[in-house]
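Engineer: Based on the provided sequences and hints, a complete structural model is requested.
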Amino acid sequence: DAKTTQPPSMDCAEGRAANLPCNHSTISGNEYVYWYRQIHSQGPQYIIHGLKNNETNEMASLIITEDRKSSTLILPHATLRDTAVYYCIVLSGNKLVFGAGTILRVKS
Amino acid sequence: GAGVSQSPRYKVAKRGQDVALRCDPISGHVSLFWYQQALGQGPEFLTYFQNEAQLDKSGLPSDRFFAERPEGSVSTLKIQRTQQEDSAVYLCASSPGQYNTGELFFGEGSRLTVL
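The listed protein sequences derive, respectively, from chains W and F.
Okay, so the first sequence: first residue is 1 according to my numbering, each after it adds one.
Okay, so the second sequence: first residue is 1001 according to my numbering, each after it adds one.
Here are the simulated DSBU-like pairs of lysine-lysine, each with C-alpha atoms no more than 35 Å apart in a straight line:
| no. | chain 1 | residue 1 | chain 2 | residue 2 |
| --- | --- | --- | --- | --- |
| 1 | F | Lys1014 | F | Lys1057 |
| 2 | F | Lys1078 | W | Lys3 |
| 3 | W | Lys3 | F | Lys1057 |
These aren't lab readings, by the way, just hints derived from the structure by calculation.
Structural biologist: What follows is the structure in structure tokens.
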């Protein structure tokens, strides 16, 4: 029942910005977009979320298009430790519905 | 500890055995979730508690799965008569509020292998 579409994998050079896209064309007006990541053998980790305005925190930036049908997670200076599966999620009711995510490989 | 703690981290069970997986959420967190993650897939929702009340159990795959949180803190996920398809990582997560439950704190999971 995931409402999002993400590329299965992406590569990024260490030190460069990683831009992870997500399509959520059926999102409703009051539904938030959440991003999580999961490093191998760990539980998912919250990164950031937003409704319609762009958001930034110490981990990343979230850019949401004006029509809210897509968003991009930006890791400004990727490091090898950012290699993980990144999940874009539309909060459905009171639960997160994860899709398959994007495997981001940061390479030196 | 300061985070969500799950035990055991690894469990091997023979088919047909019952297992119990424990979750200690962050102290004071109202909401608690259980997820199941099969190898190579994203986590799938199992059930949700608000304090001791189980408000959503729509994700439990069969009546062999049972979860409880009797005092609104520690939770146990029980699987009866385990089957090979139950092999997965079981993740517990908590959040401080009863609303806006998108910002969850996950434990490292309990990996169940059913032989």
